[in-house]
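Going by my numbering, the first residue of the sequence shown is number 1, and it counts up by one from there.
For the record, the hints were derived by calculation from the structure and aren't laboratory data.
Please note that a few of the clues may not be correct.
[Unchecked claim] FRET-style restraints, in silico, Cβ to Cβ:
| id | residue 1 | residue 2 | range |
| --- | --- | --- | --- |
| 1 | Glu73 | Asp144 | 25 to 33 Å |
| 2 | Asp171 | Asn107 | 16 to 24 Å |
| 3 | Glu77 | Ala44 | 15 to 23 Å |
| 4 | Val195 | Ala44 | 53 to 61 Å |
| 5 | Lys78 | His174 | 37 to 45 Å |
| 6 | Lys66 | Asp171 | 44 to 52 Å |
| 7 | Pro134 | Pro33 | 20 to 28 Å |
| 8 | His130 | Pro203 | 40 to 48 Å |
| 9 | Ser79 | Leu127 | 41 to 49 Å |
| 10 | Gly201 | Ala45 | 50 to 58 Å |
We put the CB at the ideal spot given by N, CA and C, even for glycine.
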Amino acid sequence: MPTLHGLLKGTDRELSGQATEALGLIGAGEAAPTLETYWVDACAARRHDAAAAAALALWRVSKSDKALAYLQERVREKSPDAAVLKAIAGVGAPAQNNVPDLIRVLNGDPDVTKRLLAADALGRIGLADHKAIPPLITALKHPDVELRIRAARALARFEDAADNAVSRLLDLIHDPVSPRLRYAAGEALRQIDPVAARDAGIP
């Protein structure tokens, strides 16, 4: 643990970022003061990626209301940073108030990477809010293959609540181009409608 704390305070930003993530995943409560200082400093320096990662780590170790509020406010921006979208996915269900913001990004952000991350976040929030299901089904028709894959994975988390996706997923298991898309669609079918998956030949 002391080594991680030292890396967090160091000048190497890449190592500091890795230490931030590690402390958050470990869930070390004693790291909260150091993480909060790092987060405040990153915000002041306008190092947005570092601030988002630190806020997520701080929320994980202490359930900090301030850290969660910061991330939620950042997601409400017109075009949220990719790092913020990734962080809010790490929060999961407690970020359900941001579902409308994530749907907005999924539906229309010009940066496809941000749309991918929004799909991931909606899936991580999952059953906490079913409003995400229709736009994720729509995303199954997007020309970007990776977005269709992420949408299928997200829909799988809703299980049978996403049964309106079944017909589209049945089409995607026969996609002629992407094996990854076929696999993601098949896995989603297994979670959403096991009978339909079995009838389609998915074990």
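Results for each hint:
| no. | hint | verdict |
| --- | --- | --- |
| 1 | Glu73 x Asp144: 25 to 33 Å | 28 Å, holds |
| 2 | Asp171 x Asn107: 16 to 24 Å | 21 Å, holds |
| 3 | Glu77 x Ala44: 15 to 23 Å | 18 Å, holds |
| 4 | Val195 x Ala44: 53 to 61 Å | 55 Å, holds |
| 5 | Lys78 x His174: 37 to 45 Å | 38 Å, holds |
| 6 | Lys66 x Asp171: 44 to 52 Å | 45 Å, holds |
| 7 | Pro134 x Pro33: 20 to 28 Å | 43 Å, violated |
| 8 | His130 x Pro203: 40 to 48 Å | 28 Å, violated |
| 9 | Ser79 x Leu127: 41 to 49 Å | 27 Å, violated |
| 10 | Gly201 x Ala45: 50 to 58 Å | 55 Å, holds |
The earlier numbered hints that this structure contradicts are 7, 8 and 9.
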